[in-house]
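Enquirer: The primary structure of each chain is shown beneath.
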Amino acid sequence: MKSLSKDRLWAIAVLTPSIILVGIFVYYFIGRTIYVSLTDWGNDPAQALALNPIIRWVGLQNYQELFTGFLQGRFRQELVNTLFFTVFFILGCLGVGLGLALILDRNPKGEGLWRTIFLFPMSLSFIVTGTIWRWMLQPQGGVNQAPTLLGGQPSTFAWLSSNDSVLKFDWNALPLITAAVVGAVLIVVAVRAAREGQRTRTLVAAACAALLILWAVFIGPNVRLLAAPELHGFNLAMIGIIIAAVWQMSGYTMALYLAGLRGIPEELREAAKVDGARDAQMYRYVIFPLLSPITLSAMIILGHISLKIFDLVYAMAGSDNIAASVPALNMYLTSFRQNQFALGAAIGTILLILVAFVIVPYLANQFKGEEGHA
Amino acid sequence: MTALPQPTASTAPSRRAGAAGRALTYFLLVVAAFFFLIPIYLVFATALKTPDAIALPTAWHWPAQLNWASFAEAWDKVGGNMLNSLFLAVVATILSALLGSLNGYALSKWRFRGANTLFALMLFGMFIPYQAVLIPLFQFIKALGLYGSIWGLILAHVVYGIPITTLIFRNFYADVPDALVEAATIDGAGFWEIYARVIFPISIPGFVVVIIWQFTQVWNEFLFAATLTNTGSQPVTYALSQLAGGQAVSWNLPMAGAILAALPTLIVYIVLGRYFVRGLLAGSVKG
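In order, the protein sequence lines correspond to chains B and S.
In this text, residue positions in the first sequence follow my numbering: the first is 1, and each later residue adds one.
In this text, residue positions in the second sequence follow my numbering: the first is 1, and each later residue adds one.
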């Protein structure tokens with residue numbers, strides 16, 4: 001037993017450098033970023049690159065500036081871009097990936113070759129993908145010329161430079177929209193909890209929902225984030241970037257689904273067939289339910305990738321294309337081109353919060369089960 | 001499985017439906033393959049044209065005369081950066097693979113109180129947006145005197161690679177029976193002897209997965225490359241973005257550059273695809 005504990009100490013000693021490094025590079029740096037985001041470092045250009053800059057504590061002023069400042073409309077549009085990008089990117093990858101996996105699961109000839117073709121973009125850099133697709137989506141070339149190959153007229157869609165957008169809403173309505181969405185989710189939670197007979201959860205959820213709705217009805221309409229209405233929507237210039245991202249990443253969902261499909265025991269399918277289930281029924285009632293955990297983890301992984309996406313947008317749209325930009329790109333430009341470090345740190349912190357919303361529950365859930373029998 | 005004899009009378013119609021289904025399967029496969037391969041055709045068609053032969057309306061035409069000089073010219077612009085990337089990726093990959101192997105061994109075979117929490121805290125580092133650490137990282141690398149040096153970039157990649165390499169090795173070693181370790185303990189072997197004699201010799205597949213994964217990640221990475229390096233140490237992703245970013249550039253160069261930059265990871269993927277997919281799945285599925 002004595003030597004065992006000595007070996008355990010060795011195990012901890014081996015881990016120590018990694019723990020220290022991760023501690024510094026992840027947790028301390030995050031803390032530093034949050035601190036910087038609460039200062040005015042770089043808001044005065046003269047102080048930005050000074051050897052001993054005068055840095056003042058300004059509280060949440062940078063965040064306020066980002067969400068309501070006259071000059072930061074670009075950031076707000078980028079948040080909206082990221083939201084739409086995430087939704088369509090996830091839907092695209094799940095749809096294409098599941099479709100490909102279902103086809104490959106029918107064991108076509110040359111399956112390995114097909115799989116290699118569908119998955120190879122995953123091995124490329126986003127910069128390579130972006131460079132290629134930027135060329136394909138040039139206004140008078142590539143994709144727009146494709147109809148002429150079939151005898152049609154060339155398309156004139158301005159893939160990456162379009163200024164049009166759809167689904168526009170006023171930024172001032174954002175608190176109202178948020179309250180409505182969160183309220184609706186809470187109502188669903190309350191109803192489900194009531195059905196399961198969990199009284200506390202029902203009451204808490206219902207009370208929060210009622211509060212939110214009261215707020216939305218009586219106070220919400222009077223909230224003004226900005227002096228003038230500011231419209232934001234789904235910029236059409238993002239479509240090309242979404243297509244390129246799906247091109248690159250849908251092989252990943254395919255691989256996930258394929259692994260899931262291969263893990264379904266043959267007996268289950270046979271049993272369903274013996275019970276007289278047709279193909280469609282078997283998928284509906286046997287296979288898809290078994291795949292739903294994979295869908296969830298794919299959504300989480302893809303969701304955090306899309307919140308972080310930066311290089312693809314940079315390579316496709318460049319740095320000055322306001323219509324097609326994302327907060328991750330803005331953070332880089334704000335910090336390292338304009339040297340507005342505090343503002344950049346605030347954007348980085350907002351990104352971290354968004355990603356944490358997605359990732360922390362996932363990690364907690366993954367380890368809840370393991371901690372039990374450890 | 002479809003070859004199993006069907007105990008029903010309706011064999012003929014189902015076979016006809018099967019044939020139609022087969023045809024549809026292959027049709028869809030070909031359509032999907034087009035979606036994935038057309039960009040590759042266009043890249044080569046453009047890279048092999050001479051600058052004056054490149055015109056947007058004829059973007060789809062295969063060049064009448066192949067201009068292989070594009071590649072030589074692109075190599076002149078990004079070749080040095082490719083060598084930077086190669087050095088960076090090889091060194092960073094070897095270091096993070098070794099660290100990951102030791103960490104995974106320590107975490108999976110010598111469980112101690114709080115090991116799982118510690119591991120979860122480590123894993124969080126794999127998912128963070130690096131924008132949330134970029135400014136302090138930049139200051140830190142600069143304070144170490146490593147700004148603009150390839151070693152600063154290596155340090156960043158090794159540290160931020162710890163979570164994923166540890167994860168892959170931890171799951172890999174979890175499948176090694178504990179009985180092996182216990183038997184060695186009874187023989188009087190300690191932590192290091194067990195690693196050297198029992199664990200390391202069977203780690204080759206784990207190392208292959210981790211090395212392929214890290215090599216691809218480091219080679220393809222852009223954000224650190226753009227932030228922590230200067231002209232002398234920029235890796236190929238940054239050089240390619242510069243090559244393609246200019247407005248007056250003739251497109252055969254960035255396309256040839258993209259092919260050059262993609263080649264190493266693409267070759268690794270085609271030759272060792274099975275291991276690549278394992279690394280891919282390791283990030284999301286518990287082993």
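Think of the hints as simulated: they come from the structure by calculation, not from any bench.
Some clues are possibly wrong.
Claimed, not checked - Distance windows between CB atoms, simulated:
{"id": "1", "chain 1": "B", "residue 1": "Ile-34", "chain 2": "S", "residue 2": "Glu-73", "range": "18 to 28 Å"}
{"id": "2", "chain 1": "S", "residue 1": "Ile-40", "chain 2": "B", "residue 2": "Arg-337", "range": "29 to 39 Å"}
{"id": "3", "chain 1": "S", "residue 1": "Trp-60", "chain 2": "B", "residue 2": "Val-87", "range": "30 to 40 Å"}
{"id": "4", "chain 1": "S", "residue 1": "Arg-113", "chain 2": "B", "residue 2": "Ile-34", "range": "25 to 35 Å"}
{"id": "5", "chain 1": "B", "residue 1": "Tyr-283", "chain 2": "S", "residue 2": "Thr-231", "range": "48 to 58 Å"}
{"id": "6", "chain 1": "S", "residue 1": "Ala-143", "chain 2": "B", "residue 2": "Leu-113", "range": "44 to 54 Å"}
{"id": "7", "chain 1": "B", "residue 1": "Arg-337", "chain 2": "S", "residue 2": "Glu-182", "range": "52 to 62 Å"}
{"id": "8", "chain 1": "S", "residue 1": "Leu-37", "chain 2": "B", "residue 2": "Val-58", "range": "44 to 54 Å"}
{"id": "9", "chain 1": "B", "residue 1": "Tyr-283", "chain 2": "S", "residue 2": "Ile-267", "range": "33 to 43 Å"}
{"id": "10", "chain 1": "S", "residue 1": "Ile-267", "chain 2": "B", "residue 2": "Leu-71", "range": "40 to 50 Å"}
{"id": "11", "chain 1": "B", "residue 1": "Asp-105", "chain 2": "S", "residue 2": "Leu-37", "range": "19 to 29 Å"}
{"id": "12", "chain 1": "B", "residue 1": "Val-360", "chain 2": "S", "residue 2": "Ile-40", "range": "45 to 55 Å"}
What the hints assert, rightly or not - Pulled from the structure, derived: some chain S residues nowhere near chain B, Cβ distances all over 12 Å:
{"id": "13", "residue": "Thr-46"}
{"id": "14", "residue": "Leu-66"}
{"id": "15", "residue": "Leu-99"}
{"id": "16", "residue": "Leu-107"}
{"id": "17", "residue": "Ser-149"}
{"id": "18", "residue": "Ile-150"}
{"id": "19", "residue": "Trp-151"}
{"id": "20", "residue": "Ala-258"}
Don't be surprised by glycine CBs; every beta carbon is placed ideally from N, CA and C.
Enquirer: Each hint: holds or not?
Expert: Hints versus structure:
The hinted range of 18 to 28 Å is not satisfied by Ile-34(B) and Glu-73(S), whose Cβ atoms lie roughly 46 Å apart. At roughly 33 Å, the beta-carbon separation of Ile-40(S) and Arg-337(B) lies within the given 29 to 39 Å, and the hint holds. The hinted window of 30 to 40 Å between Trp-60(S) and Val-87(B) holds, with their beta carbons roughly 32 Å apart. Here the CB-CB span from Arg-113(S) to Ile-34(B) is close to 30 Å, well matched to the stated 25 to 35 Å.
A C-beta distance of roughly 55 Å is found between Tyr-283(B) and Thr-231(S), which places it inside the suggested range of 48 to 58 Å. Evaluation of the 44 to 54 Å hint for Ala-143(S) and Leu-113(B) yields a pass: the beta carbon distance comes to about 51 Å. Restraint check, Arg-337(B) to Glu-182(S): a C-beta distance of roughly 58 Å satisfies the suggested window 52 to 62 Å. Take Leu-37(S) and Val-58(B): their Cβ atoms lie about 53 Å apart, and the range 44 to 54 Å holds.
Roughly 37 Å separates the CB atoms of Tyr-283(B) and Ile-267(S), a value that falls within the hinted 33 to 43 Å. A hinted range of 40 to 50 Å holds for the C-beta pair Ile-267(S) and Leu-71(B), which are about 47 Å apart. Taking 19 to 29 Å as the suggested C-beta distance range, the pair Asp-105(B) and Leu-37(S) conforms, at roughly 22 Å. Distance hint check: the CB atoms of Val-360(B) and Ile-40(S) are about 39 Å apart, inconsistent with the given range 45 to 55 Å.
The non-interface label for Thr-46(S) is inconsistent with chain B: the shortest C-beta to C-beta separation is roughly 6 Å, within 12 Å. No beta-carbon of chain B comes within 12 Å of the beta-carbon of Leu-66(S); the shortest separation is about 18 Å. The non-interface label for Leu-99(S) is inconsistent with chain B: the shortest C-beta to C-beta separation is roughly 6 Å, within 12 Å. Interface exclusion of Leu-107(S) from chain B breaks down, the closest Cβ pair being 7 Å apart, not more than 12 Å.
At roughly 17 Å, the least C-beta separation between Ser-149(S) and chain B is larger than 12 Å, which holds for a residue marked as non-interface. At roughly 18 Å from the closest C-beta of chain B, the C-beta of Ile-150(S) stays outside 12 Å, upholding its exclusion from the interface. With a least beta-carbon separation of about 15 Å from chain B, Trp-151(S) lies farther than 12 Å from that chain, consistent with its non-interface assignment. Distance check on Ala-258(S): its Cβ comes as close as 5 Å (rounded) to a Cβ of chain B, failing to clear the 12 Å threshold; non-interface status is violated.
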